[in-house]
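Chemist: Sequence:
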Amino acid sequence: MEPPKDIFRKIARKTSETVGHAWTFSLAVILILVWALTGPLFGFSDTWQLIINTSTTILTFLIVFLIQNTQNRDAKAIHLKLDELINSAKKARNEFIDAEDLSDKDLEEMGAEFRHPEVVKVIVNDPQKEEAKKIIEEFHKETVQKKEEAKDLIVEALKKKEKNKTKKHLTNNDVEALLKVSDATATRYLDELESDGKIEQKGTTGRGVKYFLKK
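Read in numbering that gives the first Met the number 0, the sequence shown has 14 at position 15, and its numbers run on one by one without any break.
One or more of the hints may lead you astray.
[Claimed, not checked] Heads up, simulated DMTMM-like pairs for lysine to aspartate or glutamate below, C-alpha to C-alpha not over 25 Å straight-line:
{"hint": "1", "residue 1": "Lys162", "residue 2": "Glu191"}
{"hint": "2", "residue 1": "Lys167", "residue 2": "Asp182"}
{"hint": "3", "residue 1": "Lys158", "residue 2": "Glu147"}
[What the hints assert, rightly or not] Pairwise CB distance ranges, derived in the manner of DEER restraints:
{"hint": "4", "residue 1": "Gln200", "residue 2": "Gly19", "range": "42 to 48 Å"}
{"hint": "5", "residue 1": "Pro39", "residue 2": "Thr59", "range": "43 to 49 Å"}
{"hint": "6", "residue 1": "Thr204", "residue 2": "Ile77", "range": "34 to 40 Å"}
{"hint": "7", "residue 1": "Thr55", "residue 2": "Gln200", "range": "49 to 55 Å"}
{"hint": "8", "residue 1": "Lys140", "residue 2": "Ala183", "range": "18 to 24 Å"}
{"hint": "9", "residue 1": "Phe64", "residue 2": "Leu40", "range": "33 to 39 Å"}
{"hint": "10", "residue 1": "Val143", "residue 2": "Gln70", "range": "41 to 47 Å"}
{"hint": "11", "residue 1": "Ala156", "residue 2": "Leu61", "range": "48 to 54 Å"}
{"hint": "12", "residue 1": "Lys201", "residue 2": "Asp82", "range": "51 to 57 Å"}
{"hint": "13", "residue 1": "Glu193", "residue 2": "Glu137", "range": "17 to 23 Å"}
{"hint": "14", "residue 1": "Pro39", "residue 2": "Leu61", "range": "52 to 58 Å"}
{"hint": "15", "residue 1": "Leu49", "residue 2": "Ile77", "range": "38 to 44 Å"}
{"hint": "16", "residue 1": "Gly38", "residue 2": "Ile62", "range": "21 to 27 Å"}
{"hint": "17", "residue 1": "Lys159", "residue 2": "Lys201", "range": "15 to 21 Å"}
These are computed hints drawn from the structure, not numbers from a lab.
Glycine residues also receive a C-beta, built at the ideal position from the N, C-alpha and C atoms.
Take the sequences, apply the hints, and build the full model.
Modeler: Here it is, written out as structure tokens:
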């Protein structure tokens, strides 16, 4: 016997496919017309109105959850496929893997590379031109530089804390406030600094993981 999750997944997928068909929409229109035409027979009574109100409300309520389940699975599958493509491409940037978790500001900065008028103009006219590559690389350098500057600020803040003998750690919330970035961006910076061997985790507080300068 199949697990309940698999059964639900199949029902959700089938429902999503069925609801999206043109003939399903046509059937719904026909049912509405039939209901409207039967109005005089029932004297447009409250019961007549209640039939359509109740049935459509219940169906909509159930279908929303089924379709949302399908959309969630599709979104995960798409992200996995894109992550695989990014990982397999030598020149692809790994920071795009978790792009959905970035702040609006970070996404805007990344998107600026591809919306720059000079880049669009050159790529449309001649995709092979080195000029486009140079412009994109310049934008990328600026983005990387901003990220490195932000990480340096985190390290400097930890050094000041050690020097002043105050609490010697930072948390995600502290980094968010310091850099005015989202939680996802703060976590990304801290993870990169930890990978670089500059900071380390030591315990937790009510505000999150505590990060210290690595000795």
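Chemist: Enumerate the violated hints, using their earlier numbering and listing them in ascending order.
Modeler: The structure conflicts with hints 5, 10, 12, 13, 14, although it agrees with all the remaining ones.
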